[in-house]
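A.B. asks: Residue numbers (my numbering), protein chains in the order written: chain A, 1 to 360; chain B, 1 to 500.
These are computed hints drawn from the structure, not numbers from a lab.
Zero decoy hints are in this set.
Calculated pairs, DMTMM-like style, for lysine to aspartate or glutamate (alpha carbon to alpha carbon, straight line, at most 25 Å): (1) A:K19 - A:E32; (2) A:K272 - B:E117; (3) B:K383 - B:E279; (4) A:K19 - A:E247; (5) B:K173 - A:D107; (6) B:K372 - B:D423; (7) A:K272 - A:D200; (8) A:K272 - B:D119; (9) B:K173 - A:E219; (10) A:K272 - B:D121.
Computed from a predicted structure; not experimentally measured.
What follows is the residue order along each chain.
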Amino acid sequence: MAELLAAGGTVRPVGGRTKIDWGAQGLEPDRELSTSALNSVVAHNYGDLTAILEAGLRLSDAQSVFASRGQRLALDVPDEHCEATIGGIVATGDSGPLRHRYGAVRDLILGVRVALPDGTVARAGSNVIKNVAGYDLAKLMCGALGTLGVVTEVTMRLHPLPSRTVTMVARGDDLVRLTASARALARSPLQFDALDLRWDGANGGGCVLAQAAGHVPGEIALTAAALAREGGLDADVLEDDGDIWNEQRARQRAADGGAVLRVSALPTSLEKVLATAASGVARAGIGLAWLRVAAEPEVVRRIREELAPAPCVLLDAPAALRAAVDAWGVSGPAVELARRVKQRFDPGAVCNPGRYVGGI
Amino acid sequence: MVTESVPHPDGVTDPSHRGVGRDLIGRLQAICGPEHVITHTHDLHAYRSDGLLYYATVPAVAVLPSSTAETQAVVRACHEARVPWVARGAGSGLSGGALPLANGVLLVLTRMNRILEVDLDNHRVVVEPGVANLAVSDAVGPGFFYPPDPSSQTVCSIGGNIAENSGGAHCFKYGFTTNYVLALEVVLPNGELVHLGGRGEADFPGYDLLGAFVGSEGTLGVATRVTLRVIPVPEHTKTLVAFFDGVIAAAAATSAIVAAGLTPAAIEMMDALAISASEQMAHAGWPSAAGAALLVELDGTQADCEAGFRELEDLCRASGSTEIRVASSAAERAVFWKMRKAAFPAAGRISGRYYVQDGVIPRTRLPEVLAKVEELATAYGLKVANVFHAGDGNLHPMVCYRDENEAERAAELASLILQACLDAGGSITGEHGVGVDKKAYMPRMFSEPDLAAFQKLRCAFDPDGLANPGKVMPTPRLCGEVPGPNRVHPLEAAGLAERF
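Chain B with its partners taken away, still in its complex shape:
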C-alpha cells in the first residue's frame, strides 16, 4: 500500500467558500463540547486519509457530534460560515470519498453508534450512521440478518455504506445497500432536517430521493438515522469450492451456473496468485497447482439447497473443474471464506504494495477481459492477482508492485484495466465509489449532458456546494441560481399554476 501522501487534487472549489475561522471552532465547541472538537494537527493526522492511503489531507478541524441535533447544528454552523465539510464514518472507504478538506470541517460520525430500534415483525432496524455493518446482523440474529456484507464489515459503518451504496459477496442474490435502506433522516447541507422514505413505508409518495441519496458519496447531505430492512436467515446454506486449470474455465463455469437458472448467494473467484497468497494466511490446504478457485454458496430451504447443489456440482464438472470440495461443516465453510477474505491482506504480504482496482463488466465478457488483464500485466511486467465477485462481473484486480519506482507503472496498468472494463460495456466502479480516485474517469463513462443532469440533482440538495466538494464530479462545477422561467407559461398567465 502506498503511504506517500498527495494533496487533495482541488481543495476548495467554490470561490464563495470560506476557511475555518476561530468563530466557527468556538461554535462547534459549544455544540459538541470542546473535548469532541479536534484542532491539534497531531491529532488530526489520524483522519487525513480514508482506506485509500494514497490521498491524504489534514482537515482544519474534526468534530464528533453525538446526536442528530448536534449534527444539524454543526452543519448549520458550517452553512452560515460558508465552510465546506466532509462526513466520515469508519474511514474504510477505498475511493478517497472521505478525504478531508484542508480548509474544511471533518464531520466524524463514530460517536453516533447506537442501535435505536429492532422491529422484527416489520423486518427492520433503526440505527445511527456510526453503527458497524456487522453489528446490524448481530442485533437481529440468529433469526434475521442484514445481507449487504462488504469485506470490511466488522468495521465499516452503515453511514459509509449508504454513502457508497456498498455491496459485498452476497449481492448477486440479495442486492446492494440501496435495496435495504427503507428510510433516512438526513441533514441537508443548509442544516434542514428531512425524512426520505417517510418512516420506511414502501412507495412513500414523492420522488425516490432515498434512492438518489444512497450512493451519493456524501455530496447531498449527511444521514443521521437509518431504517434498514433485515431478512430471515435461510434455513440451510451449502458451500463448495471448485478448482479449475485457469480463470477462463472458471469464468465459463460461472456463466453456465447462471445460465442454468441457479441464483447462488455468492459466486466468488480467485486466481492462482490470489490462492497462493491467501494460503499463507488462511492455511486451507487448497491444491497448489490450481489455476483458479470458484467459491459458490447456495442457500434456501434444505431440500431446495440440496437439489440445487447437485446441479451445481454437475455444472462445475461439465465446465472442466479438476476438483470440487464441499464444506462439510460450518468450520470448513468459514475456512473457505477466510481464504476469500484473506486475499487482500495476503496480497500485501507477497508484494509489499498493491493497488486494488474495482471495475465491472457484463459477466459474459469475463473470459476476454481476464485474458486482456493477463496480457496487460505481462506487458507491464507486474503481477496482478484476481479475486472478485464473479456472479456480478465485479472485478477486483490487485496490481502488485514493490516500491515507489513501480508505483506510476502500477497506476497506469490499473487505469488500462479499467478502460478494458469500459470497453466491454461495464462500469468504472461496482462498489468502491468514485470519490477522488476515479472522478477523472467519469467522462469516459458519462457524456457532458449526463454529468450536467447529475449536477442538477446535486444542486437541488446543495446549491452552495458545501457537502464533500471536489468528489464524484470530474471538474468543479458551481450551481448558480435556480434556472428562472424563460417565458410566462399560459397556465401561470391564467392563474392556474405557479412556478416552484
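For reference, chain A alone in the conformation it holds in the complex:
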C-alpha cells in the first residue's frame, strides 16, 4: 500500500464505498486504492476484549466473529447492506446510537497501522487497552477521510455483547417536551447504552428512545418510562427493540434524492436544531444531530445561518449540491493548523486532494 502511495499520482482510498462521496467534491484522483484485499481479523484477543482488524474488513463480518464469543465492537454505524468497512468507518468517523455510552471510533481505537505518502508504514498506539507512549496518531486518522495516509490495520477495544436489551420509547408531538424529557433522562443516573431523539415535524411528532442493557434492563427502562411520563410523554417499554434502532440508524442517511446535514451542537440546543428540518434524529446526551433536508443550496445555507456557530457538515448529498456548497463549512486558526499537519504528512497532496476541511 505504501509503495502504491509513493508511486506518484493522486489517490482515493476506497473501502466499501458506502460513504464514498462524503466530504467536499475535491478533484478526480488519478486512481483508487482499494482496501478490499485487506479483509481479515488478524487477531481476536477475546480474553483481553481487543481485536486487530484489517481496514478492508466489513464491520458486519467482524461483528459475527466477536458475537461468537459474546462480544461486540460498540460501533453501530448505519450499514443497511452490511458493506461498511472498518477502514471506511475510521476514515469518516461515522457513529451510531451506541456512541452515547461507548464513544466514537476515536474512543474505541487503540492502535493504527497507516501507509504514508512518503512510502513508509507507521504504527502508533498499541494492542493493549491502556497506553500513553507516543503521539496518538490513531485518533488523528479518525475522521481524516484518508487525507493523511491510508489506514491498513487497526486495534480496537471490544465490549461484552449484552444478552438482552430493553428500550423505552416515549412519544409526543411537542418538541419542547421531547427534548426536555431527553435532557432529564441524560441527567439521570440510569446509564443507558443509547439515548436518542427522533423528530418528524409538528405533524409527524417524535420520540425519545433510551436503550438499557446489563442485568436488569427491564427495570431501568421502566424507571425511564416513569420519568418520561412525568414529562408529559406517552411512554412504552419495548422488549424487541432491533427494528426501532435500525430505523434510527437509517435516518442518519439520506432518503431518495435528499441530503443529510450532521449538526454538531450542544444537548441544550437540540430543540432548535431539530426544529430547522422536517425530519431528524439526534444523540440526546451528546448534542449530535442528523437532519434530512431537501438537496437545495439555500436550505443548507438557511440552516447553517440559523444554527451558527454550530457546524453543519453535509454528508449524503447529490453531486450538484456538493458542488454548490462547502460540505464542511468551517474555517479559522484550527483549520490552518490542520493544513500544517497535512503538509507534514502529505506534502505532495496525493491523498484525497481537495476533499477535506479548508480544501485540504
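Starting from the structure of chain A, add chain B where the hints point.
C.D. replies: The following block gives chain B in isolation, referenced to the frame of chain A:
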C-alpha cells in the same frame, strides 16, 4: 525515593535555540508582573524536579502567568527570543515530563486555577489548566463527577492530566482523560491561539487535533482553557475485597470477571508485600496471610449492581478466593480504597527507597508476567511490591531498595520488568508518560518509521522545537523546512488545486 539529582540528559537540543537573556526576563516581568517571575536560584530550586525526583534541573527562570493573554504573551516572547520552555502544573508527574531546562523558561500554571463555567445540562465544565483534578468533581457534585482519578487527584492539575492523558483506578469502565476532554484553548509554540474541538461540539469538523494534543506531554503547546465532560454519579456503588493465596489466582479471577461480561468500575490488585505495607498506614485489618487482594467495585442502578455483585462473588469464590469482604458502609469502602491508595507511600516506609514502574500488558498475560517479575526480583535479591490496575493490565511494580549501592541494580530490574511487558505485547507506559524517564525505551516499542511519523505531528505544531524539547522522542530531532513539492502536480498545473 532517590534524592540525588542528575542533570537533564540532553538539555537544549537545537543549535538555533538561545539561552534566557536579560531582555527576555524584562519582557516576562512586564507581562506577568515582577512578583510572578522567579529568578533567584534558591527560589527556583523548588521547581527543579516533578514527581520523579531522580531527575533535577534548575530552570533559568520560572514565570507564573494568570491568564490566557499572559500565557500567550510569554510563549510569544519565548518564540521571538528562540528560547525553549517547559510547562508545569502541580509537578506531580512521574516521568520527568515537567523537568525544566537549564537554559529555558519554566511556565508554571498554578495561578490559572479558576473554574470558569459549570453547565450540567450539557454535562460539561470549563476550567483553567491549574485546577486540581478533584476540584472538578467537587464543582459538579453531588449529582455529577469527573471520572479520571489518578492517585494524585487531590493535587495533580487538569493541565498536567491533559499532557499525560492520565488514567486512574476507574478507567476500566470509564476511560481516560482523552475520553473526557471536549475542547481546548491552546497556545501554540509560535504564540498563536487555537481552539481544538470547537466549543466542545462532538465531531467538530477537521482532524482530531484535540485527540492528538491530549497525551502529547507538553510538546505541542500549552492548554489555557479546558472543556471537560462530566457524567451523572451512579445511583449505587458496591465494593468488595477478595483475598487469594497469591497473585496468580487473583489474576485468574480478574480474567474470569471480565470474561463473564461484567464491567466493574475498578479492579485493583495488591500483592502480599503491598498489603502488609499498606496495613501499617491504613489499618484495615486485612488477613496477614493473604497472598493477594483484589479490590473490585461495581456501580450502576441498585438492582443492576446487586445482580452483578452476586455473580462477582461467585466468580471470586470459583477462582479460589479464600475470603471475601464486602464494604457494608461508605466508611468501610473508604478504608478499602485507603489500603489501595496508601500502597505507594507505605512502600517508602518499608524500604526507604523505591522505583515505581508503569507498564501495560494484555490482561490475559498477567499470570505469566507476574511470575516473571517474581523470578526477576528473586534473581536480583530485591523486593518488588505489586499494586496495580488489574482490569487494564496496567502494572505498577514498586522496586524497593535500601540505598545508593542498590540504586543501579533496582533501575536494571525495573528495566527488565518493562521489557517483560513489551515481550508480552504490551506498552512501556499506561499512564505515567514517557517524559525523560522512558524515552530510551521508545525504540523498543516503535520502529524508525513510527518515530518519524510522530515527528511529523510534532513539527506541524512546533517547527522550532521550543515546547518541552528533549522529552518523549528517544533522540533529538530537528524539523527542518516543510517538505517541498517534489514535482508539479497535474492538478496544480491545471490550476485546480494548490499546495498547502
